[in-house]
Amino acid sequence: PDHAALARQAMEGRLAPRLTTLLSPFDPVVWDRRRALELFGFDYRLECYTPADKRRHGYFTLPILRRGALVGRVDAKAHRKAGKFELRSVHLEPGVRLSERLVNDVAAAIQRCARWHGCPQVGVVRAVPQDFGSRLEAAFERPGTVASA
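Here the numbering used here is used: the first residue of the sequence shown is 1, the next is one more, and so on.
Don't read these hints as lab results, they were simulated from the structure.
Fair warning: there could be bad hints in the mix.
Below are the SDA-like pairs computed for lysine to any residue, each with C-alpha atoms no more than 25 Å apart in a straight line [what the hints assert, rightly or not]:
hint, residue 1, residue 2
1, Lys77, Thr21
2, Lys77, Tyr49
3, Lys84, Phe60
4, Lys81, Pro120
5, Lys54, Arg88
Everything numeric in this text was worked out from a predicted model, so none of it was measured.
Take the sequences, apply the hints, and build the full model.
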């Protein structure tokens with residue numbers, strides 16, 4: 001792509017974010033907690049050092065970046081030998097509206113991550129709101145409804 005043209009479009013406010021992806025806890029978007037809170041209203045903490053009974057979102061949560069906004073977080077475990085990607089918990093941030101488009105965008109991002117880990121099956125253990133989990137499960141089961149890129 002023409003990076004100079006993209007940079008100009010971004011500076012002029014003519015570039016709209018379209019990507020949905022899972023971020024590493026060490027991604028520059030979130031590793032500076034204060035900046036993530038100030039810019040995105042996203043209070044992020046890597047909870048692997050927090051005692052299990054005090055964790056709010058999970059051991060190693062990955063922020064969900066959707067179209068330029070941090071909309072949630074997922075704590076996943078790859079069971080590679082079994083080919084299963086377990087979503088131990090998946091949370092939407094307060095105020096994020098649950099829609100079919102959001103579900104499909106997030107499901108596609110999770111499936112890309114799962115495939116990267118060699119896990120073609122994805123299952124949800126816990127979701128907040130609960131309806132988000134059941135709708136994600138349905139999206140994972142529908143052929144052709146989740147984008148592959």
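Verification of the supplied hints:
1. This hinted pair checks out: lysine 77 and threonine 21 have alpha carbons roughly 17 Å apart, not beyond 25 Å.
2. Taken as a hint, the lysine 77 and tyrosine 49 pair is honoured in the structure, with Cα atoms around 17 Å apart against an allowance of 25 Å.
3. With a C-alpha separation of about 17 Å, the suggested pairing of lysine 84 with phenylalanine 60 holds against the 25 Å cut-off.
4. A C-alpha spacing of about 11 Å is found between lysine 81 and proline 120, which places the hinted pair at or below 25 Å, so the restraint holds.
5. Proposed proximity of lysine 54 and arginine 88 is supported: the alpha carbons are some 16 Å apart, at most 25 Å.
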